[in-house]
Amino acid sequence: MIIKGKVHKFGNDVNTDDIIAAKYLVSTDEKELGRHCMENIAPEFCSKVNKGDIIVAGKNFGCGSSREHAPRALKGCGIAAVIARSFAGIFFRNSINVGLPFLQLDETEKINDGDSLEIDLAGGIIKNLSQNQTYKTTPFPGFLQAIIKRGGLMNYIKNHSRRDCPRRYRTRLEIKGTVPTKRD
Amino acid sequence: MPHTIAEKILMAHTGKKDIQPGEFVEARVDLALGNDITAPFAIEEFRKSGAKKVFDNKKIALVPDHFAPAKDLKSANQCRILADFAREQKIKNYFEIGCMGIEHALLPEMGLVSPGDLVIGADSHTCTYGALGAFATGVGSTDLARAFIDGKCWFRAPATIKFIYKGKPKPWVAGKDLILYTIGQIGVDGALEKVMEFSGPLMGKLSMDDRFTMSNMAIEAGGVTGLIEPDGITLRYIKEVSKFKSLKVPKLKFKNLKSDRDVQYEKIYEWDISKLEPQVACPHLPGNVKAVSGLGKIKLDQVVIGSCTNGRISDLRIAARLLKGKKVKAGLRLIIIPATQKIYLQAVKEGLAEIFVEAGGVFSTPTCGPCLGGHMGILTEGETCLATTNRNFIGRMGSPKSFVYLASPAVAAASAIKGRISHP
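Residue numbers (the working numbering), protein chains in the order written: chain U, 1 to 184; chain C, 1001 to 1424.
It is possible that part of the hints are untrue.
Said to hold, decoys possible - With a cut-off of at most 30 Å between alpha-carbon atoms, the simulated DSBU-like pairs for lysine-lysine come out as follows:
id: 1; chain 1: U; residue 1: Lys9; chain 2: C; residue 2: Lys1401
id: 2; chain 1: U; residue 1: Lys6; chain 2: U; residue 2: Lys59
id: 3; chain 1: C; residue 1: Lys1329; chain 2: C; residue 2: Lys1418
id: 4; chain 1: C; residue 1: Lys1074; chain 2: U; residue 2: Lys23
id: 5; chain 1: U; residue 1: Lys75; chain 2: C; residue 2: Lys1401
id: 6; chain 1: C; residue 1: Lys1052; chain 2: C; residue 2: Lys1092
id: 7; chain 1: C; residue 1: Lys1048; chain 2: U; residue 2: Lys149
id: 8; chain 1: C; residue 1: Lys1052; chain 2: U; residue 2: Lys149
id: 9; chain 1: U; residue 1: Lys51; chain 2: C; residue 2: Lys1048
id: 10; chain 1: U; residue 1: Lys149; chain 2: U; residue 2: Lys75
id: 11; chain 1: C; residue 1: Lys1267; chain 2: U; residue 2: Lys59
id: 12; chain 1: C; residue 1: Lys1058; chain 2: U; residue 2: Lys158
id: 13; chain 1: U; residue 1: Lys158; chain 2: C; residue 2: Lys1017
id: 14; chain 1: C; residue 1: Lys1074; chain 2: U; residue 2: Lys51
id: 15; chain 1: C; residue 1: Lys1074; chain 2: U; residue 2: Lys48
id: 16; chain 1: U; residue 1: Lys110; chain 2: U; residue 2: Lys23
id: 17; chain 1: C; residue 1: Lys1324; chain 2: C; residue 2: Lys1297
id: 18; chain 1: C; residue 1: Lys1342; chain 2: U; residue 2: Lys23
Stated by the list, open to error - The following residues of chain C were derived to be distant from chain U, with all beta-carbon distances above 12 Å:
id: 19; residue: Ala1012
id: 20; residue: Ile1037
id: 21; residue: Asn1093
id: 22; residue: Gly1121
id: 23; residue: Ala1122
id: 24; residue: Ser1124
id: 25; residue: Asp1143
id: 26; residue: Lys1162
id: 27; residue: Glu1229
id: 28; residue: Leu1276
id: 29; residue: Gly1325
id: 30; residue: Gln1341
id: 31; residue: Glu1383
Unchecked claim - One side only, chain U facing chain C, incomplete, derived with CB under 8 Å:
id: 32; residue: Ser27
id: 33; residue: Ser65
id: 34; residue: Arg67
id: 35; residue: Ile125
id: 36; residue: Leu153
Since the hints were derived computationally from the structure, they do not count as laboratory data. From the three backbone atoms N, C-alpha and C, an ideal C-beta is built for every residue, glycine too.
Work out the full structure, taking the sequences as your base and the hints as a guide.
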């Protein structure tokens, strides 16, 4: 998958209250959440984002609360990927689980606000079209790639083979397609 | 192979004989928690998956606490979703208004968490139960939905950083000051994706309430959980709460719930805290920590005492000790929120509620309320608040142009009387 978009640059420790303030957590609608994304620290942000744009930030992106509304709000306002030096643990899992593409890159300071990037997600390669540079990101471990490939956590567990699922849970997993027709 | 407490708990829940940091594991959870903000998403995902029944109706806890009692129509709807799901799935541990409390104070108090348990919660402060020697960590709503279905969760086994606290603390220095000092030293990503293990001679003297406060803020340094090796104080607490609920048999033998002596820690910090003053985290990061005397004159519009960090009975007792017979500074709002219904009743019985009201404070029903800018004390532009809560991000309590300082209940009570941040 290739993502092409303009960079919106942020600093270190962008927290989940910055991404989506708690007062908006009364909604589970991505579009609605997206309308208030980054409101506290960059009120103009939402109006400047074009669909497919990319956030580039420093260390510890997404620190703070466990609200899954944060990666969903980013998706809702049109952000196609987040590149940061490091990610906070819960934001990391949430992004994988809801299918927000993100990449770890040490050299984020080389990328400027407004640069045009082209990301090859499968290869983990970022091309900076404005500066004519290429960066290589740290690839994800196999387990996470399996979840990402299946399109998020819920799809991943749906496709889990019968062998991976303990016997006592099988009857409860009344999900279409989960129970194979033949013995494995 | 020597192992840390965290690794031992993960091993016990995966059946593996060895787990090394960085390894991905799928583990069974003993308890999965959701609240009125995070559970609606999880319930939506659960339904979308086509699942009909939760894996175990005794191992799920649902607590409407963030915007409850419902602050507006939309939050009333969120709470309704929880209530309906709890009824439909016959969830045993659903706590409605009248028996509810702030989740991270409530679940230990109800005896729902034991040493050696593996707990996930769709709330970042789930790390609080590390104080009981449980591996407890915050996850997202989709993780919670998955746990609803098959009772499992994926983890990347974290490395452990050990913190050793020594020395006799000065008067008014408590768990909150220790954890603020720690975050100030290592920074808000100082324990990113690591387990924080709090230990040393001082830990053996800290009450459970102080321990909960410390573990609660592990996430503020990026920690997965804030683990404390269970000891006699833990056992006494467990026995006390089990009067209300039958004590579960810990899955790991109690004496095994300690890190092996020759285990490899990622890092070890050792601090003598005998000269430590009460600590304050300044806007806009919990890691922006200074000693209270080095702050200068900071005028306050509001003081909040409560939250999953410092809304327990000992916190209220400390505040009452300082507020007894005194008046809150004119023009300052003092809001005191007991964390659970039981703490509320205890505060009434002990006369603490009377002290607060006579001093000119308000004493509220349990809720997370102002901590996350929900309700019960929102700040407007230019206002400054000192709170015993855990986060002071930009706009956390309301206006992005307001300021939040974090400190202990002692500093909070003293500051409410003086009208500016003060040493107790």
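Exercise. Could you work out which earlier hints the structure fails to respect and list their numbers in ascending sequence?
Key: Result: hints 16, 20, 22, 23, 24, 25, 35 break, sorted rising.
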